[in-house]
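J.: The hints should help you fit chains B, C and D onto chain A, whose structure is shown.
Residue numbers (our numbering), protein chains in the order written: chain A, 1 to 195; chain B, 1 to 496; chain C, 1 to 156; chain D, 1 to 129.
Among these hints, one or two may not hold up.
To be verified - Covered by chain B, according to a simulated footprint, are these stretches of chain D (three or more residues, beta-carbon under 8 Å):
1. 49-62
2. 92-104
To be verified - PhoX-like cross-link-like pairs, simulated, lysine-lysine; straight-line CA separation at most 25 Å:
3. B:K31 with B:K151
4. A:K91 with D:K39
5. B:K155 with D:K39
6. B:K155 with B:K304
7. B:K151 with B:K304
Don't read these hints as lab results, they were simulated from the structure.
As the structure is a prediction and not an experimental result, all values here were calculated from the model.
The C-beta atom is built at its ideal place from N, Cα and C for all residues, glycine as well.
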Amino acid sequence: MTFALEIALVVFVVVSAVAVAFLRDVLGAIVVFASFTLGLAMIWVILQAPDVALTEAAVGAGVMSVLFLLTVARTTRTEGDEGYLRPVNFKALAIVFVLFVILLATVPALPEVGDPNAPAVQETVDGAQTPYGVADDNRTPYGYYIEQTPIDAGIRNAVAAVLVVYRGLDTFGEAVVVFSAIVGVLVVLRREEAR
Amino acid sequence: MSDFGFLLAVVILIPIAAATLPLIASLRYEKVGWHIAAVSLAVNLVLTAVAVRAFFVDGKLRHELGGIPVPHGIELVMDGLSVLVVLLVSVVALAVLVHTRTAGPRSNAFYSAYLLLTGGLLGVSLTGDLFNLYVFIEITGLAAYALIASKGDGKSAYSALKYMLIGTVGASLYLIGVGYAFIATGTLNMVDLSVQFQELGYGDTLVLTSFGFIIAGLAVKTALFPVHTWQPDAYSAAPYGVAGYVSALVSTVSAYVIGRVILTVYTTDFIAANPVITSALVYFGALSIVVGSVLAVTQADVKKMLAYSSVSQFGMIVAAFGIANSAAVFGGVIQLIGHAIMKGALFLGAGILAYKVGAKTVYDYEGISFELPYASAGFATLALALVGVPPAVGFIGKWYVGLGAVQGGYWIVAVVIFGSTLLTLAYVLRLVDRMYFGKPERGAAEAVADGGVSASTKRVTVGMVALVCVAAVVSVVLGPSAAWIESLLRLEEVMG
Amino acid sequence: MRDRENTGGEEREKKPYAESPIIMTSVRVVSPFVLTYGIFVTLHGANSPGGGFQGGVIMASVFVMLGFAFGIRPTSDWADYRAVLGLATGGVVLFAAVGLVALPLGGDVLQLDVLPIAVKWGVELLEVAIGMIVAGVVTGLFFVLSRGGRKEGEEA
Amino acid sequence: MSAMEIVAPALVDVFVARYYHVTFMVLVAVGLYILIDSKNLVKKVIGLNIFQMSVFLFFITAAYQDGAGPALIEEGGGPYANPLPHVLILTAIVVGVSLTSLALALVVRVYEEYGTVHEDRVEEVMADE
Chain A
1 MTFALEIALV VFVVVSAVAV AFLRDVLGAI VVFASFTLGL AMIWVILQAP DVALTEAAVG
61 AGVMSVLFLL TVARTTRTEG DEGYLRPVNF KALAIVFVLF VILLATVPAL PEVGDPNAPA
121 VQETVDGAQT PYGVADDNRT PYGYYIEQTP IDAGIRNAVA AVLVVYRGLD TFGEAVVVFS
181 AIVGVLVVLR REEAR
Chain B
1 MSDFGFLLAV VILIPIAAAT LPLIASLRYE KVGWHIAAVS LAVNLVLTAV AVRAFFVDGK
61 LRHELGGIPV PHGIELVMDG LSVLVVLLVS VVALAVLVHT RTAGPRSNAF YSAYLLLTGG
121 LLGVSLTGDL FNLYVFIEIT GLAAYALIAS KGDGKSAYSA LKYMLIGTVG ASLYLIGVGY
181 AFIATGTLNM VDLSVQFQEL GYGDTLVLTS FGFIIAGLAV KTALFPVHTW QPDAYSAAPY
241 GVAGYVSALV STVSAYVIGR VILTVYTTDF IAANPVITSA LVYFGALSIV VGSVLAVTQA
301 DVKKMLAYSS VSQFGMIVAA FGIANSAAVF GGVIQLIGHA IMKGALFLGA GILAYKVGAK
361 TVYDYEGISF ELPYASAGFA TLALALVGVP PAVGFIGKWY VGLGAVQGGY WIVAVVIFGS
421 TLLTLAYVLR LVDRMYFGKP ERGAAEAVAD GGVSASTKRV TVGMVALVCV AAVVSVVLGP
481 SAAWIESLLR LEEVMG
Chain C
1 MRDRENTGGE EREKKPYAES PIIMTSVRVV SPFVLTYGIF VTLHGANSPG GGFQGGVIMA
61 SVFVMLGFAF GIRPTSDWAD YRAVLGLATG GVVLFAAVGL VALPLGGDVL QLDVLPIAVK
121 WGVELLEVAI GMIVAGVVTG LFFVLSRGGR KEGEEA
Chain D
1 MSAMEIVAPA LVDVFVARYY HVTFMVLVAV GLYILIDSKN LVKKVIGLNI FQMSVFLFFI
61 TAAYQDGAGP ALIEEGGGPY ANPLPHVLIL TAIVVGVSLT SLALALVVRV YEEYGTVHED
121 RVEEVMADE
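Here chain A stands alone, though its shape is the one from the complex:
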């Protein structure tokens, strides 16, 4: 049952992306893109990433669509050419195909979806010594976060703990990226000084 839902979502997401590629109408492309984002958000839910799903829906589908719509309102909706769909661009297809084949060649080396033996979901690592001689700790970052979150931070959501406690600099950087966006937009649109 879940698998059928997953396949339906995957098909939906891929079809939406392809539709964006061939739609000429920018407004239509934006709407389809928003549904693409929502499809992804549902996949995040299935893959047990509710924090990411919430963000994807709020930021990806919500904020992003509003910004795109504002841009279309300030510029123009048509591409300026006739027709409903774009023709296939074989030159672009060739470039993309090369990348696709390179990626596809690595598929057999990747762990299966949900493989409990994948390195990324191991709690401990044997053999390899950790850097800087932390000898008695053979936990992977995953094992460390799962075990330490309630102890170190006294909270349940490991995502919040990793976000703020364990990888605070990433989060600071992320906040700065957001801040850079408004600074950049002010510079670009020359609306820097106060009213």
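T.: Below, chains B, C and D alone, put in the same frame as chain A:
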């Protein structure tokens, strides 16, 4: 281990926190951004200098953020590879302010972006975590795109947009590479990854794929051939001050990251174990050297000429990191620093010549030395240093890279470096010859009427000229001190 | 140079804003709840999904709703520019300050367990900082982007 | 039976068992295609977003294991999805929207200067300047 590790985090946080001040101040005051930037970057330079001194005295500096032990948390590292890059960022960020003081842009938001770019560059240079690196690369990118577009005309906006589209693809390719590395190991710390990769074996498909995508993404950011196309347009559309700053630092730091990733994450053992990939990287670099030089020779626009010359120089630096023996790596580091100083100052010098007499193309440089003796002397010295006339830093860098290439069995690279030097000499001599032996065919007023930037709106201060001349002196003096610098860096520790 | 292929953008600007009493009323009723929900999501990231980013976006969506109901220009005139700016810059300063204050307390940068409050509250504090930044920036982006670039002679 | 008949179904299984990875690859390809093919600058930005978002799928898939729940730690609970990729992608989503907003501001500026968001026409006008 030194106690000054915390400074690594502080020097990243100061410019970023200071970046909020120009925006807050803009509620009351106009044009205070410059002062805020100057004060905070001066403080930052002092702190950086303390950290750099601590490195020279005690060796590698580390700071584990949040007190979380690696590989679970993020660490900042200053070692022989990054120390000069960090110092370079701090110095150049402050120095370019001398130029923008009068030449502008002068809006408060501009200086916010300027400070954010500085903080981002320092973060990229210092972090020891692959994903954290991505975050700082994006901060750097965002600020750089905004600064390029700060000129305010359509061309700069369009060039910045193109830069952004290509740059983001590069960053995303890098992220795909990080994904492969993470799936293979479950960790993101650079040193931990190098340990895990060794366990996995250097022939593992996931390890090889991660290497390919990470290097490809960074090559886009560094503007190597054939993914260099964004760079000449972006540099030539930007204001001169921004072009100087961005050309000195943004690609430089990306090239540094290539070196960092090769030496720290994948290690020289990986390079030795995969000769095909290694030589592909080196020959790609060599191709960039050739194409960059050839395109530079064909340009009439001075900004574009300087931009294409960067494509060539970064080809050499990346080839050096691909060769990855001690001579080549040191040559790469010296060339990184030397190129940044020379190219940044050349853009600022070209700016002065453009502000004063509207000189933008090679033909406008006829006899310009008679009108502007000091700026021309600085510009010509820098240009010759760029060619690699001994004893300037350009020569030393090429010498070490060439030496490393020969030692590593890459004869062709040595030949290519020599050949490209001749090409560089060709276009630099074309400029210098016109500047000193050409007859001034038209006066300043005429040039202004021709669409040049009028001298009245863009004043040139003594400081701006002095900055170019100081950079010229530094680029000459750095050359003979290379052996001393090499002893300070202890690069053998980085190379394991 | 301005060979506009489509003057729709210009016309739309001039057209008076179509006011809908239904939308205006419902937005007026709903927005306090949305704002509260945004604050709730910001503060409840510790034990359930959510946090500053999601909460900040929800808070900002209040202004987006107001903009669509009452017109973007009147809303952006009504919203205090200083408050929007203060949220964004204040968040960055708060985050950096929490990061640096650990140093004099004997910890590393961004270390939370040396603060005089429980780590849980430190996490919440930083989530609030993030929420402030996101709410301020998204609101600001909405207003600034809707106005476009500054024309010659126009007030900033 | 020929070797092909044995290998081919096995190979299909390899790809079917990694359906999210394959989806990621398809979406990367589609995103890049839009970015290269589209002449409309707004659509290029959409393509860029699809390109970036597909990378998220790669990471989130890596965090998942069979039977896992979200990383809300309970006494004696588990297994959990790895919270680390979730955090990374939270960051990446926010980075993506920030880049998009700046890109759109640049598009607005380009339109104000050239009166079009069509790549070729912008370059035509720029070449005439």
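J.: Against each hint, give a clear statement of whether it holds in the structure.
T.: Cross-check of the supplied hints:
With a threshold of 8 Å between beta carbons, the proposed coverage of the segment 49-62 of chain D by chain B holds, since 6 of its residues qualify and at least three are required. Under a criterion of three residues with beta carbons nearer than 8 Å to beta carbons of chain B, the stated coverage of the segment 92-104 of chain D is upheld, 6 such residues being counted. For the suggested pair K31 of chain B and K151 of chain B, the alpha carbons sit about 16 Å apart, so the restraint of at most 25 Å is met. Annotation: proposed proximity of K91 of chain A to K39 of chain D holds, straight-line Cα distance about 14 Å (limit 25 Å).
Simply put, K155 of chain B and K39 of chain D have alpha-carbon atoms about 17 Å apart, close enough for the 25 Å limit, and the pair holds. This hinted pair checks out: K155 of chain B and K304 of chain B have alpha carbons roughly 14 Å apart, not beyond 25 Å. Of the pairs offered as hints, the one joining K151 of chain B and K304 of chain B holds, with about 17 Å between alpha carbons and a cut-off of 25 Å not exceeded.
The structure is consistent with each of the numbered hints, conforming to all of them.
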